[in-house]
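As a plain string of letters, each chain reads:
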Amino acid sequence: MMNIFVVYVENKPGVLTRVASLFRRRAFNIDSLTVGRTEKPEVSRMTITVDADCDQARRIEANLYKLVNVLLVENITHEPAIVRDLAIIKVSAAHEARSHVFELVDVFRARIVDVAPETLTVEITGGEEKIDRLLELLRPYGVLEMVRTGIVAMRRGRTASDGASTIYGAEQGVDRDDVAQSV
Amino acid sequence: MKDRKNKPTAGKSNTKTAKSANAGKTKSVKKTIAGTTEIKIAKKTMTGAGILWECLEREGVKHVFGYPGGAILPAYDALQHSKIHHVLVRHEQGATHMADGFARASGRVGVAVTTSGPGATNAVTGLATAMMDSSPMVCITGQVGSKLIGSDAFQEVDITGVTLPVTKHNYLVTHANEVARTIREAFYVAKSGRPGPVLVDITKDAQQGKCEFDWEAAKPQLPGYRPDLSPARKEYEQALDLIHNSKRPVILAGHGIIISGAMREVREFAERAGIPVAMTLLGLGALPASHPLNLGMMGMHGEAWVNHTIQEADLLLAFGMRFDDRVTGSLKTYAPNAKKIHIDIDPAEINKIVKVDVPLVGDLREVLLELLPHVEKIDRSEWMDSIDKLKGDSAVRDIQNLPDSGHLYAAHVINDLWHETRDGNTIVVTDVGQHQMWEAQYYKHERPRSLITSGGLGTMGFALPAAIGAKVACPDAEVWVVVGDGGFQMTMCELATIVQENLKIHIAIINNGYLGMVRQWQEFFYERNYAATPLLSPDFALLAQAYGIRSATVSKRSEVIPTVEAARQHKGPMLINFKVEQEDTVYPMVAAGSALHDMIRRPNPIVETAEDE
Chain A
78 MMNIFVVYVE NKPGVLTRVA SLFRRRAFNI DSLTVGRTEK PEVSRMTITV
128 DADCDQARRI EANLYKLVNV LLVENITHEP AIVRDLAIIK VSAAHEARSH
178 VFELVDVFRA RIVDVAPETL TVEITGGEEK IDRLLELLRP YGVLEMVRTG
228 IVAMRRGRTA SDGASTIYGA EQGVDRDDVA QSV
Chain B
717 MKDRKNKPTA GKSNTKTAKS ANAGKTKSVK KTIAGTTEIK IAKKTMTGAG
767 ILWECLEREG VKHVFGYPGG AILPAYDALQ HSKIHHVLVR HEQGATHMAD
817 GFARASGRVG VAVTTSGPGA TNAVTGLATA MMDSSPMVCI TGQVGSKLIG
867 SDAFQEVDIT GVTLPVTKHN YLVTHANEVA RTIREAFYVA KSGRPGPVLV
917 DITKDAQQGK CEFDWEAAKP QLPGYRPDLS PARKEYEQAL DLIHNSKRPV
967 ILAGHGIIIS GAMREVREFA ERAGIPVAMT LLGLGALPAS HPLNLGMMGM
1017 HGEAWVNHTI QEADLLLAFG MRFDDRVTGS LKTYAPNAKK IHIDIDPAEI
1067 NKIVKVDVPL VGDLREVLLE LLPHVEKIDR SEWMDSIDKL KGDSAVRDIQ
1117 NLPDSGHLYA AHVINDLWHE TRDGNTIVVT DVGQHQMWEA QYYKHERPRS
1167 LITSGGLGTM GFALPAAIGA KVACPDAEVW VVVGDGGFQM TMCELATIVQ
1217 ENLKIHIAII NNGYLGMVRQ WQEFFYERNY AATPLLSPDF ALLAQAYGIR
1267 SATVSKRSEV IPTVEAARQH KGPMLINFKV EQEDTVYPMV AAGSALHDMI
1317 RRPNPIVETA EDE
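Sequence lines, in order, name chains A and B. So the number in my numbering is just where the residue sits in the first sequence, counting from 1, plus 77. So the number in my numbering is just where the residue sits in the second sequence, counting from 1, plus 716.
For the record, the hints were derived by calculation from the structure and aren't laboratory data. Where hints are given, some of them may not hold.
[What the hints assert, rightly or not] With a cut-off of at most 25 angstroms between alpha-carbon atoms, the simulated SDA-like pairs for lysine to any residue come out as follows: (1) A:Lys143 x B:Asp1041; (2) B:Lys799 x B:Pro1191; (3) B:Lys1071 x A:Arg102; (4) A:Lys143 x B:Glu775; (5) A:Lys89 x B:Gly861; (6) B:Lys1071 x A:Val229; (7) B:Lys778 x B:Gly1288; (8) A:Lys89 x B:Leu938; (9) A:Lys143 x B:Arg900; (10) B:Lys1068 x A:Arg101; (11) B:Lys907 x A:Val92; (12) A:Lys143 x B:Asp1040; (13) B:Lys1272 x B:Pro1321; (14) B:Lys1071 x A:Met79; (15) A:Lys89 x B:Leu880; (16) B:Lys907 x A:Arg95; (17) A:Lys89 x B:Ala933; (18) A:Lys89 x B:Thr890; (19) B:Lys1105 x B:Ile1115; (20) A:Lys143 x B:Leu1173; (21) B:Lys1220 x B:Glu1194; (22) B:Lys935 x A:Gly91; (23) B:Lys863 x A:Arg95; (24) A:Lys143 x B:Asp874; (25) B:Lys1220 x B:Glu1281; (26) B:Lys1160 x B:Ser1006; (27) B:Lys1105 x B:Ser1006; (28) A:Lys143 x B:Lys1068; (29) B:Lys1068 x A:Thr154; (30) B:Lys1068 x A:Asn106; (31) B:Lys1068 x A:Ala134; (32) A:Lys143 x B:Lys1071; (33) B:Lys1071 x A:Ala134; (34) A:Lys89 x A:Val229; (35) B:Lys1068 x A:Phe100; (36) B:Lys1068 x A:Ala104.
[As the list claims (entries may be wrong)] Rough simulated footprint, nothing fancy, chain A against chain B, three-plus residues with beta-carbon under 8 angstroms: (37) 869–883; (38) 940–953; (39) 1060–1071.
Note that beta-carbon positions come from the ideal geometry of N, C-alpha and C, so glycine has one too.
Bound-form chain A, shown alone:
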C-alpha cells in the first residue's frame, strides 16, 4: 500500500542524503520524494511516498526518527489531506489536434503554458490519478516530453503539532512537545 509521510527536517546540508540513504540502507522503496522550504527558514519539509505494509510503515517512521536531523514525522496516509502532484506535458498538437487538446485541458482545469507551431505544453496540478487520466487522454496525440514533481501533501484542518503521533504508543518526553511547537 502507498504510504504518505510528511517529514520535517532541519534545514542543513546533507540531510536529504541522510534520509535517502536510510531508505536505501533499509531496502524501503521510495516512490517519490519532494523537499522544500517551509514557513520556518530553519525547517525543510519532505513528502515521501513509499510502498509499505502497516508494520513496515511503522518501522520507516521509527527509523526516520533515529536520524538526528529529523524533527517530526507524520504518516498521513489515512488522514484527510490535500495531496498534489504537478506535471508539465509537451504534446504534439498541430492542425485539428490542437483544438482537441485545448478542450481536454479545459475539462481538467489544466493550463496551456507554451504554444509552438507543432506543440502545446500543458501544466496541470492535482492528485496523481487526475494527472494520470489526462496523460492517458493526451497520449494518442503524442506526448513528447513530460516532467512530474512527485506529490506534496498537507493534512486538512489540524496543524502538524496536533498530529505529533506516537511511535509504538511510546509517550514522548518534554522534548517532543517542544519540537512540535517549534515546528
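Starting from the known structure of chain A, fit chain B onto it as the hints suggest.
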C-alpha cells in the same frame, strides 16, 4: 603577568598563551578605580585545534587512540598543551577498535583520531563494529582544507558520506567556531539513548582558524534528537498481564542490560518472578553464569537445552536484545507458542524481525524499575524441572567430560584459563570464529563487561586492539586476548602498541592452522572442500620475541595451567601459542536458516561406542 595572559588578545594572539590557559574557566580579577572587585569570565581566543582538545578534556577524556597525518596535523600540534594521553596505534582500524574496547570495558565514550583519506577509511571497520554493537565512540578525522573539498585533493575522501550508514550520526566541521558545539553534540549523541559511534570530520582550516571559545554557549542544539522515550501506562499493564499468566516464560538477556546498567534489576526481576534467563553472546555477564536461573547462551552455538527452552516457552521477555538471526534460527519455527514482550530503547527494533505482542520502548533499567513493584512472586518450579530434563545427555557430550585423548582442545584451554583467572578482575577480549564460541561456552562470566567481543559485525582482527583499549580503560584488570591464528594476523601490528604503551596484556592464540569456523562450515555444508581455509602462520612465539614480548608455545593440556600462571606472574605482556586440535568443531550448531531446536550435536560417545560394538 596574569593580567596580561588573560587579556583578550586582538588579532594575532600568542598561540601558546591561548592554548595553554584553561580557557573559559579563567576568571580575571581586576581592581577597578573604586577599589571594588569585578569578576568577569574571559572568553579566550583559541584555534579550532586547541578547542578540540579543550572540549575533549571537558568531556572527561583522558586517553585517545590515534595516528597522525597531514590533515590532522594542526590538532596533533596542539596536543602538546593538553593533558590527554595519546596512544599511537599501528593502523587506524586499531584506533577505532581500541576506542570501542575502551568504551565496552568502561561504559565511557572511547575516542579515536585519524587523518583524512586513507586514515579515515581505515577506521571504517571499527565504526561499523561499534555501530552494530551499540558502543559509544567519537571518531575525529582530519579533512583537507574547506576550499579544497570536492577537488579530489591529496588524501581527500568524503568520509561523512562513506560512514553515513555505519555511524549513529556524523559531522563535517568547516569553521573553528563550530568545533566546540559539534564535539559536545557528538559526545551527547554517542552516549545517550542507544549508544553508537559518531564521526566528526574537521577540515584543516577549521583546526587552524581562531575564534572565541565559549563552552557554555556551545550547548548541544539537537531539536530532533529524542533519546528519552518511555512506554505508556497501558503497555506496562499488558506486559504484567502476560507475565502473570505465563506458565513457561524465559528472559532473553541481551547487551542492552549491560549498556543500561540494569544487572541488578534483571536479577531481581528473574528471581521474583521465577523466570529462567537465556543469554545472548553480548549479554554474557549481565547475570552471573553461576546464578541458578542463568541457563547459558542461546542461539547458533548456544546450549541445546537453552534453545529447546526458548522453543517450548509460552512467553519470551526480550531484554535489550534484537532477535539477531544468529539467535533465532528460522523465524518460521521460532518460539511458535510464545507471546513476546520486547523491551528496547530503540523503537526501530520493535517488530523488525519478530512480531511482538507488547513492546516497551525505553531505557531497560527504568522500564524494569517501573515493572518490578508489580511483579508477583510465582512458583515456576515445574517449568524449571522440565528445563532440567531438557539438559538430557548434554553433560555426557561435553568435551570437558570426554576421556583425555592426548590432543589439546580449545575448549580445554578456555576451561583451564577460566579456572585460573575466574577469581580475579579479568576481562577476556575475543576475536571472531570458533575460539569466540568456545570462549562463550566455556568461560563462565560472572560480571558484566568481563567479556568484550564483536557480536553483530563479527569483525576478525578485533581482539588485540580492543584489548588494548580495555586495558587502558581498566589498568587494574587482568586482560586476556583469546584469538584465532587467522584473526590475530589481521591486526597483530598492534603488538608494538602494547610494548610502546607498556601494557600487561596476555594473548592466548588458539592456533589450529585453519580459518576454523569457515572450515567448519565447509565441513558441514560444502562437502569438506577446504577452499582457502588452511592457514600458514609465522612462529608466533618467535614473532612475539621480535617485539620484545615474552612467549611460549603449548601443545599439551598439562602445560596449559602452568603457562597461564607463568603469564600472570610475568610483569609484562605475554603471548601463548596454543597449538590445538586442527579439525575440531563447535557444537552444538544450528545451521543458518534451520529451526532453533534443530541442532547438530557433538556425538554422544556412549551411544557411539555401543553402536560400534
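Hint-by-hint comparison with the structure:
Simply put, Lys143 (chain A) and Asp1041 (chain B) have alpha-carbon atoms about 22 angstroms apart, close enough for the 25 angstroms limit, and the pair holds. Between Lys799 (chain B) and Pro1191 (chain B), the direct Cα distance comes to roughly 18 angstroms. Compliance with the 25 angstroms bound is thereby established for this hinted pair. With a C-alpha separation of about 21 angstroms, the suggested pair Lys1071 (chain B) and Arg102 (chain A) falls inside the 25 angstroms cut-off, and the hint holds. Between the alpha carbons of Lys143 (chain A) and Glu775 (chain B) the distance comes to roughly 24 angstroms, so the proposed pair stays at or under 25 angstroms and holds.
At roughly 20 angstroms between alpha-carbon atoms, Lys89 (chain A) and Gly861 (chain B) fall within 25 angstroms of each other, so this suggested pair holds. For the hint pairing Lys1071 (chain B) with Val229 (chain A), the CA-to-CA distance comes to about 32 angstroms; that exceeds 25 angstroms, so the pair is violated. Between Lys778 (chain B) and Gly1288 (chain B), the direct Cα distance comes to roughly 23 angstroms. Compliance with the 25 angstroms bound is thereby established for this hinted pair. Between the alpha carbons of Lys89 (chain A) and Leu938 (chain B) the distance comes to roughly 12 angstroms, so the proposed pair stays at or under 25 angstroms and holds.
For a cut-off of 25 angstroms, the pair hint linking Lys143 (chain A) to Arg900 (chain B) stands: about 19 angstroms separates their Cα positions. Using a Cα cut-off of 25 angstroms, the hinted pair Lys1068 (chain B) and Arg101 (chain A) holds, with the two alpha carbons roughly 16 angstroms apart. Between the alpha carbons of Lys907 (chain B) and Val92 (chain A) the distance comes to roughly 22 angstroms, so the proposed pair stays at or under 25 angstroms and holds. Of the supplied pair hints, the one linking Lys143 (chain A) and Asp1040 (chain B) holds, its CA atoms being roughly 19 angstroms apart against a limit of 25 angstroms.
Note on Lys1272 (chain B) and Pro1321 (chain B): the hinted pairing holds, with a Cα-Cα distance of about 22 angstroms set against a maximum of 25 angstroms. Straight-line distance between C-alpha atoms of Lys1071 (chain B) and Met79 (chain A) comes to about 22 angstroms, which keeps the hinted pair within the 25 angstroms bound. Simply put, Lys89 (chain A) and Leu880 (chain B) have alpha-carbon atoms about 15 angstroms apart, close enough for the 25 angstroms limit, and the pair holds. For the hint pairing Lys907 (chain B) with Arg95 (chain A), the CA-to-CA distance comes to about 21 angstroms; that is within 25 angstroms, so the pair holds.
With a CA separation close to 20 angstroms, the supplied pair Lys89 (chain A) and Ala933 (chain B) stays within the 25 angstroms bound. For the suggested pair Lys89 (chain A) and Thr890 (chain B), the alpha carbons sit about 14 angstroms apart, so the restraint of at most 25 angstroms is met. Distance hint between Lys1105 (chain B) and Ile1115 (chain B) is fulfilled; the C-alpha atoms sit about 20 angstroms from each other, no more than 25 angstroms. With a C-alpha separation of about 20 angstroms, the suggested pair Lys143 (chain A) and Leu1173 (chain B) falls inside the 25 angstroms cut-off, and the hint holds.
For a cut-off of 25 angstroms, the pair hint linking Lys1220 (chain B) to Glu1194 (chain B) stands: about 8 angstroms separates their Cα positions. Restraint check: the Cα-Cα separation between Lys935 (chain B) and Gly91 (chain A) comes to about 22 angstroms, which is no more than 25 angstroms; the hinted pair holds. As the CA atoms of Lys863 (chain B) and Arg95 (chain A) are separated by approximately 23 angstroms, the hinted pair is consistent with the 25 angstroms bound. Distance restraint check for Lys143 (chain A) and Asp874 (chain B): the Cα-Cα separation of roughly 22 angstroms lies within the 25 angstroms cut-off, and the hinted pair is therefore satisfied.
About 14 angstroms separates the Cα atoms of Lys1220 (chain B) and Glu1281 (chain B), which keeps this hinted pair within 25 angstroms; it holds. Restraint check for Lys1160 (chain B) and Ser1006 (chain B): the C-alpha separation of about 8 angstroms stays at or below 25 angstroms, so the hint holds. Between Lys1105 (chain B) and Ser1006 (chain B) the CA atoms are separated by roughly 19 angstroms; this keeps the pair inside 25 angstroms, and the hint holds. Restraint check for Lys143 (chain A) and Lys1068 (chain B): satisfied, since their Cα atoms lie roughly 14 angstroms apart, inside the 25 angstroms limit.
For the suggested pair Lys1068 (chain B) and Thr154 (chain A), the alpha carbons sit about 21 angstroms apart, so the restraint of at most 25 angstroms is met. A hinted pair counts as satisfied when its Cα atoms are at most 25 angstroms apart, and Lys1068 (chain B) with Asn106 (chain A) qualifies at roughly 16 angstroms. Distance hint between Lys1068 (chain B) and Ala134 (chain A) is fulfilled; the C-alpha atoms sit about 11 angstroms from each other, no more than 25 angstroms. At roughly 20 angstroms between alpha-carbon atoms, Lys143 (chain A) and Lys1071 (chain B) fall within 25 angstroms of each other, so this suggested pair holds.
Restraint check for Lys1071 (chain B) and Ala134 (chain A): satisfied, since their Cα atoms lie roughly 14 angstroms apart, inside the 25 angstroms limit. For the given pair, Lys89 (chain A) sits about 20 angstroms from Val229 (chain A) by alpha-carbon distance, which is consistent with the 25 angstroms threshold. Between Lys1068 (chain B) and Phe100 (chain A), the direct Cα distance comes to roughly 15 angstroms. Compliance with the 25 angstroms bound is thereby established for this hinted pair. Between Lys1068 (chain B) and Ala104 (chain A) the alpha-carbon distance is near 13 angstroms, which keeps this suggested pair within the 25 angstroms criterion.
Residues of the region 869–883 of chain B with a Cβ under 8 angstroms from some Cβ of chain A number 4, which satisfies the need for three, so the listed coverage holds. Counting residues of the region 940–953 of chain B whose beta carbon lies closer than 8 angstroms to any beta carbon of chain A gives 10, which reaches the threshold of three, so the coverage claim holds. Beta-carbon proximity to chain A at under 8 angstroms applies to 7 residues in the region 1060–1071 of chain B; the threshold of 3 is reached and the given coverage holds.
Going down the numbered hints, you'll see the structure goes against just number 6.
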